[in-house]
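Required output: the full structure, derived from the provided sequences and hints.
Chains as they are written, first to last, in this note's numbering: chain A, 1 to 158; chain B, 159 to 482.
Treat the hints with care, as some may be off.
[To be verified] As a list, the in silico PhoX-like pairs of lysine-lysine whose alpha-carbon atoms are at most 25 Å apart: (1) Lys265(B) to Lys192(B); (2) Lys161(B) to Lys123(A); (3) Lys478(B) to Lys161(B); (4) Lys312(B) to Lys272(B); (5) Lys478(B) to Lys123(A); (6) Lys422(B) to Lys126(A); (7) Lys82(A) to Lys126(A); (8) Lys119(A) to Lys82(A); (9) Lys160(B) to Lys472(B); (10) Lys32(A) to Lys82(A); (11) Lys32(A) to Lys7(A); (12) Lys422(B) to Lys148(A); (13) Lys126(A) to Lys478(B); (14) Lys422(B) to Lys209(B); (15) Lys116(A) to Lys126(A); (16) Lys126(A) to Lys160(B); (17) Lys123(A) to Lys312(B).
[Said to hold, decoys possible] A few chain B positions that, by computed beta-carbon distances, are all more than 10 Å from chain A: (18) Lys265; (19) Pro325; (20) Pro332; (21) Ala368; (22) Gly381.
These aren't lab readings, by the way, just hints derived from the structure by calculation. Every value quoted in this text rests on a predicted model; they were computed, and no experiment measured them. By construction, the Cβ of each residue, glycine as well, lies at the ideal position given by its N, Cα and C atoms.
As a plain string of letters, each chain reads:
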Amino acid sequence: MKTINVKINGENYTREINEDMRLLDFIRDELKLYGTKEGCGEGECGACTVIMDGVTVNSCMVMAFQANNKEILTIEGMEDEKGLHPIQQAFLDEGAVQCGFCIPGMVLSAKALLDKNPKPSRKEIKEGISGNLCRCTGYNKIVDSIEKASQYLEGEDQ
Amino acid sequence: MKKRGFGYGCIFYGTGYGNGFPDISRSIAELDTKGHINIYVGATEVGQGAKTILGQIAAEALDVPVEIVTLIHEDTSITPDAGTAAASRQTYNTGNAVKISAEELKKEIIVVAKGLLNEDHLEISNGVIRSNTSDKTLTLKDIAEASGGGFLRKDGIFQANTTEMDPETGQGNPYWPYTINAYAVEVEVDTTTGIVDIIRAACSQDVGRAINPSLVEGQIDGGFAMGLGYAIFEDINLDKGRIKHNRFTNYLIPTALDMPEIEKIIVEDPESTGPFGAKGIGEPVMIAAAPAILNAIYDAVGVRLTEIPVTPEKLLKALKKREG
Ligand code: FES
Ligand code: FES
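See below:
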């Protein structure tokens, strides 16, 4: 057993965990945050994407103890008192969500991209989400939403 | 060397179970005590948009705002059977059942309203019951209260009209309805690596009537992505009945970088038996993509491949063979 301290969606958690626990299971089973999905469990699909200290990671490939003293954002942390995050709103407005299984990961990859590059080209957006597989949407409306989110965020900044 | 080519693929596709197999959808439309509409159907939403479209159909049939319609589905203890979310049949089959139940409920609402207002010529318009001969109105809540606080409920049932085809004469009605589409793609083939890149694509899809055009576009994008995977990436590699490519490291599906922009042309030719003319497109939007891509490869490099997926190795082998 090991004790870890992690900040997830702005809240501090201290937990005793098994050393072989994956971050994904810590998030889902320990903290009961079920927005993070498990697709492949081997780092290929991006359904389990979370943002750790500003960069996206596949939480199925990170051990929970590696998150010690780190700051993590999951899909549950995107919404605030004002409501949905502009990226989430853009996904809704563009009709980019079909079954939804890939969407938490997509939204977080989009956030990590837009944080670094607020006005990405379509090519850059496609690169930014190329680690997130989607079986339903053919990606085009997701790319549209990230473009729209970039406009929404620009509007907010002004 | 990089070579470009164009290809086309067209299909017609019979939606529904077909061949006389009982293809039945059931729906219940209900006016609840708050004056809201609930639609109960066993239809499954898997991302294709059934939930959205069925609510729209009910709202349109009743002439009420879509916001007051709640779709209750996927709970077999309270919903009637609407068949599988398969065979591109939910929009057409369950859409028809929902429309019938909503129309029946509308009639019932008018009957109650006639009793309350003592008027004969009534209609529902944007959620309000109005008289054609006076300025009397009623709300749906008034109707709900007048019916003893109970729920008004009406069933709708729809069965697709197909028959088995006679093998002797070729006569019959194996599917109903059919839908038609055409894809055009431009590819770029790298003759050194065998990699095929899709430069752009266009899809024209006959939808009968687009109940929700944005969802139709989403289906086209998604269908093309699946057809693209089918054409050049996805190989389950069956070996004595076992799937050898059973993970995403060897079973490759398209990523965002593999997808072209798709010009979408929605063709509306209302289907007379469809709900507001609509029919299903879930599978059709996938099917024509692979033949269009293989035709484009042929146009680009002159080799006719008949086995999918056209992986870089297979394409290089075929190119070598031709040079012989
Ligand atoms: S579940 Fe982690 S990458 Fe697929
Ligand atoms: S919306 Fe279904 S996997 Fe992306």
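Taking the hints in turn, this is what the structure says about them:
Taking the CA atoms of Lys265(B) and Lys192(B), the gap is near 19 Å; set against the 25 Å cutoff, the hint holds. Restraint check for Lys161(B) and Lys123(A): satisfied, since their Cα atoms lie roughly 22 Å apart, inside the 25 Å limit. Of the supplied pair hints, the one linking Lys478(B) and Lys161(B) holds, its CA atoms being roughly 16 Å apart against a limit of 25 Å. Among the hinted pairs, Lys312(B) with Lys272(B) is consistent with the structure: their alpha-carbon atoms are about 18 Å apart, no more than 25 Å.
Taking the CA atoms of Lys478(B) and Lys123(A), the gap is near 33 Å; set against the 25 Å cutoff, the hint is violated. Our distance criterion of 25 Å between C-alpha atoms is met by Lys422(B) and Lys126(A), whose separation comes to about 20 Å. Proposed proximity of Lys82(A) and Lys126(A) is contradicted: the alpha carbons are some 29 Å apart, above 25 Å. A hinted pair counts as satisfied when its Cα atoms are at most 25 Å apart, and Lys119(A) with Lys82(A) qualifies at roughly 23 Å.
Of the supplied pair hints, the one linking Lys160(B) and Lys472(B) holds, its CA atoms being roughly 17 Å apart against a limit of 25 Å. Distance hint between Lys32(A) and Lys82(A) is fulfilled; the C-alpha atoms sit about 23 Å from each other, no more than 25 Å. Proximity of Lys32(A) to Lys7(A) is assessed by CA-CA distance (about 15 Å); at most 25 Å being required, the pair is judged to hold. As the CA atoms of Lys422(B) and Lys148(A) are separated by approximately 20 Å, the hinted pair is consistent with the 25 Å bound.
Distance hint between Lys126(A) and Lys478(B) is unfulfilled; the C-alpha atoms sit about 33 Å from each other, more than 25 Å. The suggested pairing of Lys422(B) with Lys209(B) holds, with an alpha-carbon distance near 23 Å, which does not exceed 25 Å. Taking the CA atoms of Lys116(A) and Lys126(A), the gap is near 15 Å; set against the 25 Å cutoff, the hint holds. A hinted pair counts as satisfied when its Cα atoms are at most 25 Å apart, and Lys126(A) with Lys160(B) qualifies at roughly 23 Å.
Straight-line distance between C-alpha atoms of Lys123(A) and Lys312(B) comes to about 51 Å, which puts the hinted pair past the 25 Å bound. At the 10 Å boundary, the C-beta of Lys265(B) stays outside the reach of chain A, the nearest C-beta of that chain being 34 Å off. Under the 10 Å C-beta cut-off, the non-interface status given to Pro325(B) relative to chain A holds; the minimum distance is some 37 Å. The claim that Pro332(B) is not at the interface with chain A holds, since no C-beta of that chain comes within 10 Å of its own (minimum 29 Å).
No beta-carbon of chain A is positioned within 10 Å of the beta-carbon of Ala368(B); the least distance is around 13 Å. Distance check on Gly381(B): its Cβ comes as close as 7 Å (rounded) to a Cβ of chain A, failing to clear the 10 Å threshold; non-interface status is violated.
Of the hints listed earlier, those the structure fails to meet are numbers 5, 7, 13, 17, 22, in rising order.
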